[in-house]
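Construct all of the structure, not just a fragment, from the sequences and the given hints.
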Amino acid sequence: MSSSLLEIEDLRTYLFLTEGTARVVDGVSLGIRKGETLALVGESGCGKTMTAYSVLRLIPEPPGKIVGGRIVFDGEDILSIPDKQMRKIRGDQIAMVFQEPLTSLNPVFRIGSQIAEVLQVHRKMRKRDAMDQAVKLLQDVGIPSPEKRIMDYPHQMSGGMRQRVMIAIAIACEPKLIIADEPTTALDVTVQAQIMELLKQLNEKKEMSLLLITHDLGVVAEAAENVAVMYAGRIMEHTDVATIFSNPLNPYTTGLLGSVPRAGSERLKPIKGIVPPALSLPAGCKFSTRCEQVFDRCLTEEPDLVDVDNSNDGRKHLVRCWLHKAQK
Amino acid sequence: MNNSPLLKVVNLKKSFHVSSGMFSGSSLQLKAVNNVSFSVEEGETYGLVGESGCGKSTIARLILCLDNPDQGEIYFRGTNIFTLQGVEKKKFRRKVQIIFQDPYSSLNPRKKVGSIIGEPLLIHKIVPKNKIRDKVFELMNMVGLQEDHYGRYPHEFSSGQRQRIGIARALSLSPELIVADEPVSALDVSIQAQTINLLMDLQKQMKLTYLFISHDLSVVKYVSTKVAVMYLGKIVETASNDELYSSPLHPYTVALFSAVPVPDPSVRKERITLKGEIPSPINPPVGCVFSSRCPVADSNICFKKQPPLEEKRDGHMVACWLKN
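Going down the list, the protein sequences come from chains A and B.
Numbering-wise (our numbering), the first sequence opens with residue 1147 and increments by one.
Numbering-wise (our numbering), the second sequence opens with residue 43 and increments by one.
Bear in mind the hints are in silico, worked out from the structure with no lab data behind them.
Hints may contain errors.
What the hints assert, rightly or not - Here are the simulated DSSO-like pairs of lysine-lysine, each with C-alpha atoms no more than 27 Å apart in a straight line:
1) B:346 with B:317
2) A:1273 with A:1180
3) B:167 with B:133
4) A:1294 with A:1273
5) A:1282 with A:1351
6) B:177 with B:167
7) B:246 with A:1418
8) B:249 with B:132
9) A:1352 with B:311
10) B:354 with B:55
11) B:311 with A:1346
12) B:133 with B:153
13) A:1282 with B:317
14) A:1351 with B:311
15) B:177 with B:131
16) B:137 with B:55
17) A:1180 with A:1346
18) A:1346 with B:317
19) B:317 with B:133
20) B:365 with B:311
21) A:1351 with B:317
22) B:317 with A:1294
23) A:1418 with B:133
24) B:154 with B:171
25) A:1282 with A:1346
26) B:249 with A:1418
27) A:1270 with A:1352
28) A:1352 with B:153
29) A:1415 with B:246
30) B:131 with B:55
31) A:1415 with B:249
32) B:173 with B:132
33) B:246 with B:137
34) A:1462 with A:1180
35) B:137 with B:173
36) B:50 with B:133
37) B:177 with B:153
What follows is the structure, given as structure tokens:
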């Protein structure tokens, strides 16, 4: 195994609300190697974005707080460093691409200066050099006539263009890790293909690691190497992409896969019910309220995330479910 | 009359005026729907796909008579719907209903679920007032809502349940045609699957005809019997579901299908990545609407003249010079 870039251990991020404590991320452990693309999959409200925000230490406090765990990035425990030092890492070594490119760009600044700002802050470039670099970056992300486009405001661009600008900002400092939170959800399918292609290229050429947050299993199949499936703030299953699709073990993963319309007119097999609110999760396995294969033990005891791969090739297949055990 | 299709759209055109600037008096013309014709047979699910801004929703509004076209006609059971007036028009509205995309903005937040679903019954006087409650219960039952939801407000529901409320409202008048405008795109994948299953079950039970509008090609493939692909206000290709997905002819359709990510990592397919983005419908390309992004456009003809939508094989129509 090559060296790991990001190591999350037992991360717990809670929201302290007047109604109670919402455990939005509850004991998440993940690792990302250099150059790896890891997809974080799950329905809305299962804690994917909160995990990403925790890595960047962007959890709004209050009501949120990282109450436990360790996040080691490039050998450094970033939960224990001072804010000032974290600001140096954020945008420089870890960058984020947000879902909604319209609301995440500042509407009153030209896009050129928004890209240049990153370089001025982190690379201490002069404005003029930074603007030259911004033109290059726009070219890298495939925006035609970039020297003119840097003078545009965000509202003058289409959704796909704006997402390219977001990516240009993210890669400006050649970060080691890019976190992309649903980067293509707001885009049309042909534009989505372009953006995914672009992220893949950056991932391959510049050896950037990518944490891809998405609910689109098609995107996962095409872009990711490894997949972690999240539900109710927990990792339910974590393995390589081929195994997730060919041999899913957790009933939640099976349910997600069964919900995707495919060729043939077989009836869809969706998961029944809805994601339970974070304030009233069931005891025992958190998926037990919607699981088709639930039995007594699921209702009282929560299973651990354990490796069920019995080959000795170093691959792992982590599952959190009483049905699959090594877990006895 | 028996052989006429349930819905027939003929040479439909609709354009909107957009002002070209805050202080300039002149206005530009946006051709949202440009000469579109198709017909929907009774009992089928007609899928209309295309990227945003291609005119899908404008067609939906025109079919529901919410807007008047600039040109062209829409026939419902052989009657031109734009000539209907008074009682006749009200009757027509009973037969065609819509399910909206956004389950948040399409339900009145100040009304209880019971009156949202019951309101069409009241307006059209389908059932006597004292029977409305029973009828609403029946509808709620059909879409999988519980009776104790009757007195609740929309904000108390999840998006999937709200979409069910919207579906119950559409069904309340026992319509013949339901226009579903992106009915599942705002929903999470498992809820999306639940809703699709519900729509398919209802179609069987009530012998409904759907016009299913979506940008999600895999959903359209799953539900439709016939599919039309739109680009910049025009239908570029239409065929039966199987035919279209197995042998698409138009370069746009081919590229669109190849852009859809397949949820199977063992499939490695050739992807045609289109360059650029959809041109503005205010200023569409001269000639074929797709010519500016087409990977195989021929400068001799594609940039000069618009190709007509012509039948290539049995029921498979395509608008492309290179295929004619």
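Here's how the hints hold up against the structure:
1. B:346 with B:317: holds (20 Å)
2. A:1273 with A:1180: Cα-Cα ~31 Å, so violated.
3. B:167 with B:133: holds (11 Å)
4. A:1294 with A:1273: Holds: residue 1294 (chain A) and residue 1273 (chain A) sit about 17 Å apart, inside 27 Å.
5. A:1282 with A:1351: holds (16 Å)
6. B:177 with B:167: Within the cut-off at roughly 12 Å; holds.
7. B:246 with A:1418: holds (21 Å)
8. B:249 with B:132: holds (22 Å)
9. A:1352 with B:311: Satisfied, since the Cα-Cα distance of roughly 24 Å is no more than 27 Å.
10. B:354 with B:55: holds (24 Å)
11. B:311 with A:1346: holds (15 Å)
12. B:133 with B:153: holds (25 Å)
13. A:1282 with B:317: holds (19 Å)
14. A:1351 with B:311: Holds. Residue 1351 (chain A) to residue 311 (chain B) sits at ~21 Å (cutoff 27 Å).
15. B:177 with B:131: holds (24 Å)
16. B:137 with B:55: Given pair residue 137 (chain B), residue 55 (chain B) holds - Cα atoms ~23 Å apart, limit 27 Å.
17. A:1180 with A:1346: At roughly 14 Å apart (the allowed maximum being 27 Å), residue 1346 (chain A) and residue 1180 (chain A) satisfy the hint.
18. A:1346 with B:317: holds (17 Å)
19. B:317 with B:133: Judged against 27 Å, a Cα distance of about 47 Å means the pair is violated.
20. B:365 with B:311: Holds. Residue 365 (chain B) to residue 311 (chain B) sits at ~24 Å (cutoff 27 Å).
21. A:1351 with B:317: holds (21 Å)
22. B:317 with A:1294: holds (19 Å)
23. A:1418 with B:133: Violated. Residue 1418 (chain A) to residue 133 (chain B) sits at ~38 Å, over the 27 Å cutoff.
24. B:154 with B:171: holds (17 Å)
25. A:1282 with A:1346: Holds, at roughly 19 Å.
26. B:249 with A:1418: Within the cut-off at roughly 26 Å; holds.
27. A:1270 with A:1352: Given pair residue 1270 (chain A), residue 1352 (chain A) holds - Cα atoms ~22 Å apart, limit 27 Å.
28. A:1352 with B:153: violated (55 Å)
29. A:1415 with B:246: Distance of about 18 Å is within 27 Å: holds.
30. B:131 with B:55: Judged against 27 Å, a Cα distance of about 21 Å means the pair holds.
31. A:1415 with B:249: At roughly 23 Å apart (the allowed maximum being 27 Å), residue 249 (chain B) and residue 1415 (chain A) satisfy the hint.
32. B:173 with B:132: holds (22 Å)
33. B:246 with B:137: With Cα atoms ~17 Å apart, residue 246 (chain B) and residue 137 (chain B) stay inside 27 Å; holds.
34. A:1462 with A:1180: holds (18 Å)
35. B:137 with B:173: holds (21 Å)
36. B:50 with B:133: Within the cut-off at roughly 18 Å; holds.
37. B:177 with B:153: holds (18 Å)
In summary, the numbered hints that this structure violates are 2, 19, 23, 28.
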